[in-house]
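Numbering-wise (UniProt numbering), the sequence shown opens with residue 1 and increments by one.
To be clear, the hints were calculated from the coordinates, so they are not data collected in a lab.
Ideal Cβ placement from N, Cα and C applies to all residues, glycine included.
Be aware that a few hints might be false.
Computed Cβ-Cβ distance ranges for the label pairs, DEER-style [to be verified]:
hint: 1; residue 1: R40; residue 2: E126; range: 16 to 26 Å
hint: 2; residue 1: D109; residue 2: H145; range: 36 to 46 Å
hint: 3; residue 1: N52; residue 2: S146; range: 13 to 23 Å
hint: 4; residue 1: S9; residue 2: S39; range: 15 to 25 Å
hint: 5; residue 1: R40; residue 2: M123; range: 28 to 38 Å
hint: 6; residue 1: S136; residue 2: E51; range: 17 to 27 Å
hint: 7; residue 1: D4; residue 2: E125; range: 35 to 45 Å
hint: 8; residue 1: P96; residue 2: D120; range: 33 to 43 Å
hint: 9; residue 1: A93; residue 2: S119; range: 30 to 40 Å
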Amino acid sequence: MLLDRITASDVLIQLKTDNWEDAIRKSSQTLLEKGSIESRYIDAMIKVVHENGPYIVISKHIALAHARTECGALHTDITFATLDPAINFNAGALDPVKLIITLSATDADTHLDLLGELSDILMDEEKSEALFNAGSAEEFVQILHSN
Numbered sequence: 001m002l003l004d005r006i007t008a009s010d011v012l013i014q015l016k017t018d019n020w021e022d023a024i025r026k027s028s029q030t031l032l033e034k035g036s037i038e039s040r041y042i043d044a045m046i047k048v049v050h051e052n053g054p055y056i057v058i059s060k061h062i063a064l065a066h067a068r069t070e071c072g073a074l075h076t077d078i079t080f081a082t083l084d085p086a087i088n089f090n091a092g093a094l095d096p097v098k099l100i101i102t103l104s105a106t107d108a109d110t111h112l113d114l115l116g117e118l119s120d121i122l123m124d125e126e127k128s129e130a131l132f133n134a135g136s137a138e139e140f141v142q143i144l145h146s147n
């Protein structure tokens with residue numbers, strides 16, 4: 001499972017951003033540095049929100065940023081970033097976003113598989129709140145992996 005591979009190096013805590021575009025850019029840097037995406041993938045993630053609206057906000061306070069494989073996804077990978085302050089994505093009642101999950105998928109089914117893995121977290125408000133408020137990357141990973 002993808003979430004089982006998450007380590008502290010995949011997590012940014014209290015990321016400072018100016019707006020939703022900046023949040024996507026900054027939360028994607030780890031994937032870029034690891035060679036999991038090309039820089040054009042970041043632009044594609046932003047472009048798709050401009051074209052299709054804030055559909056990436058998948059749950060209250062949580063966004064799943066991603067783009068099509070052919071837009072520069074090199075390896076399947078995932079990172080997490082808590083945002084401080086939280087950022088509006090113009091997603092109505094789901095705003096503001098406190099956690100952005102950035103996904104690079106090399107096949108069309110990976111983001112659906114990830115949503116299945118995330119469903120327990122997305123439906124557990126207490127666990128989500130704990131993730132939003134994690135004081136360190138290590139604490140975030142511990143919460144993520146707890147049952």
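Each hint tested on the structure:
1. R40 to E126: 16 to 26 Å: 38 Å, violated
2. D109 to H145: 36 to 46 Å: 23 Å, violated
3. N52 to S146: 13 to 23 Å: Cβ of N52 to Cβ of S146: about 34 Å, so the range 13 to 23 Å is violated.
4. S9 to S39: 15 to 25 Å: 20 Å, holds
5. R40 to M123: 28 to 38 Å: 34 Å, holds
6. S136 to E51: 17 to 27 Å: 36 Å, violated
7. D4 to E125: 35 to 45 Å: 23 Å, violated
8. P96 to D120: 33 to 43 Å: 23 Å, violated
9. A93 to S119: 30 to 40 Å: 19 Å, violated
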